[in-house]
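With the hints as constraints, model all of the structure from the sequences given.
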Amino acid sequence: MQGNSRHRPSRPEQAGGSPQRRVGEARPVSARALDQEHLTRVVGPVVGAAGLDLESLRARGVGRRVLVRVVVDSDAGVALDDIASLSRDLSAALDSDGALDDLAYTLEVSSPGIDRPLTEPRHWRRAVGRLVRVPVAAGPDPVEGRVVAVTADGVTLDLAGSRQDYRYGDLGPGRVQVEFGHMEPEPGGSDGGEPDGH
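In our numbering, the protein residues as written are 31 to 228.
Incorrect hints may appear among the rest.
Pairwise CB distance ranges (calculated) [what the hints assert, rightly or not]: (1) 110 with 79: 12 to 22 Å; (2) 78 with 198: 19 to 29 Å; (3) 202 with 84: 18 to 28 Å; (4) 172 with 84: 40 to 50 Å; (5) 99 with 199: 22 to 32 Å; (6) 170 with 110: 36 to 46 Å.
These are calculated hints, taken from the structure and not from any lab test.
Owing to the predicted nature of the structure, the values given are computational and were not obtained by experimental measurement.
The beta carbon of each residue, even a glycine, is placed where N, CA and C say it ideally should be.
In structure tokens, the structure reads:
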């Protein structure tokens, strides 16, 4: 499931009540406002406090404003209510810290789509029961199989009825394959997997 939240800038040009810069007086986007490391230090704890993982954070200048894109996930998935609540908390944190240098900004918060590459153990854990295609160190061609188990060391794939173990270091970025009509395994099912987080 993917949610998306677009926040209007927390410091918009207001119609009245507060002084505003005249047209042409807006400051250009500063390097500080695009400092990914600083933004991550502000955003990361807020995401963690919400019980979510910060998958990626990107900031870029769009004209005279900043576009901040935050992608989050969790083992239990991310509901639209989670996205909305987190968006409010992140906006408040960014405003309080002054991380965006008091510039107008747009905040987008979403969960990963199915095309997100599987590169971390938590990504593989959330793909249990799914059909994936992944490059492996042992051969020139990617393998395609269903993720049936995930451990701290690697994953087990069902390759056309034969189970094969792979260490994370032997796997490239995996990709979940789109399937039609496939029933997801029930939590605690016979394959020993975990419930899917999407």
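Checked hints:
Distance hint check for residue 110 and residue 79: the Cβ-Cβ separation is about 19 Å, which falls inside the suggested range of 12 to 22 Å. Our hint of 19 to 29 Å for residue 78 and residue 198 holds, since their Cβ atoms are close to 23 Å apart. For residue 202 and residue 84, the Cβ-Cβ distance of about 23 Å falls inside the hinted range of 18 to 28 Å, so the restraint holds. A hinted range of 40 to 50 Å for the beta carbons of residue 172 and residue 84 is inconsistent with their spacing of about 28 Å.
Between residue 99 and residue 199 the CB atoms are about 30 Å apart, so this pair conforms to the stated range of 22 to 32 Å. For residue 170 and residue 110, the Cβ-Cβ distance of about 42 Å falls inside the hinted range of 36 to 46 Å, so the restraint holds.
The structure is inconsistent with hint 4 alone, although it conforms to all the rest.
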